[in-house]
Amino acid sequence: MNAFNLNTLEEDKIRTRIIQFGTTSESIHFLYGTNLFGFVVKFSDFAFIVFRGTHCRADWKDNLDIRTVRTFCGHIHHGFARCLDSISSETIHAVKASFDKPYKLCLAGHSKGGALAALATAVLVKNGLDPVALYTFGQPKIGTRSFQKWWEANVPTKYYRVVNGTDIVTHLPPSVEDIPYFVILGFFLILSLVTAPFWFLRNKKKP
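For what it's worth, the working numbering labels the leading residue of the sequence shown as 2, then goes sequentially.
Simulated from the structure, these hints should not be mistaken for laboratory data.
Glycine is no exception: its CB is placed at the ideal position from the N, C-alpha and C atoms.
Please note that the accuracy of each hint is not assured.
In silico BS3-like pairs for lysine-lysine, Cα to Cα no more than 27 Å straight-line [to be verified]:
(1) 127 with 150
(2) 105 with 62
(3) 14 with 105
(4) 127 with 159
(5) 105 with 159
(6) 105 with 127
Label-pair restraints from in silico Cβ distances [said to hold, decoys possible]:
(7) 13 with 172: 28 to 38 Å
(8) 25 with 79: 38 to 48 Å
(9) 68 with 18: 34 to 44 Å
(10) 90 with 58: 18 to 28 Å
(11) 175 with 17: 11 to 21 Å
Throw the hints in and build the complete structure from the sequences for me.
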């Protein structure tokens with residue numbers, strides 16, 4: 002099961018696919034805001050929280066709102082910040098309600114869902130729940146240097162950012178004049194070796 006399929010599958014189909022990996026339907030909790038945006042699933046000794054990517058017009062409205070807003074974790078993408086309340090309440094409730102013993106908790110997401118997975122990681126850490134790993138696929142940038150500083154000072158989670166070097170989404174928002182400077186975080190797993198040298202410039206400061 003991967004985060005890509007959440008864009009089109011319904012609850013029953015998602016549940017059927019997850020069960021194939023060795024869990025039960027009772028171990029799955031779906032996350033809703035205005036619509037389905039992810040799920041929590043637990044296995045024998047670990048659990049995953051997974052977020053879907055862009056799906057509807059409202060998602061595009063969020064994606065394109067590249068203003069920044071101050072939050073507990075620094076200045077972040079305004080469109081993604083609008084999702085933070087739903088992420089906070091739904092994710093914290095789902096984790097605390099679903100787990101009757103300590104689990105190794107991982108998060109994952111595709112595209113916009115990758116950004117939400119990272120923000121959910123920040124929320125969980127703030128609430129004393131430290132995920133062991135975060136995996137994002139084709140994730141856009143999330144925040145400015147204040148977000149980077151907060152993350153590096155507070156988040157122990159291992160952060161793996163899977164990218165295709167030719168995927169424009171992973172370069173957005175762009176680092177150009179008159180647009181807030183968004184930083185790139187995470188350890189890169191690059192699918193396109195042709196463009197790999199570009200990523201070694203990811204921590205280069207804005208002139």
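So which of the earlier hints does this model not fit?
-> 2, 11
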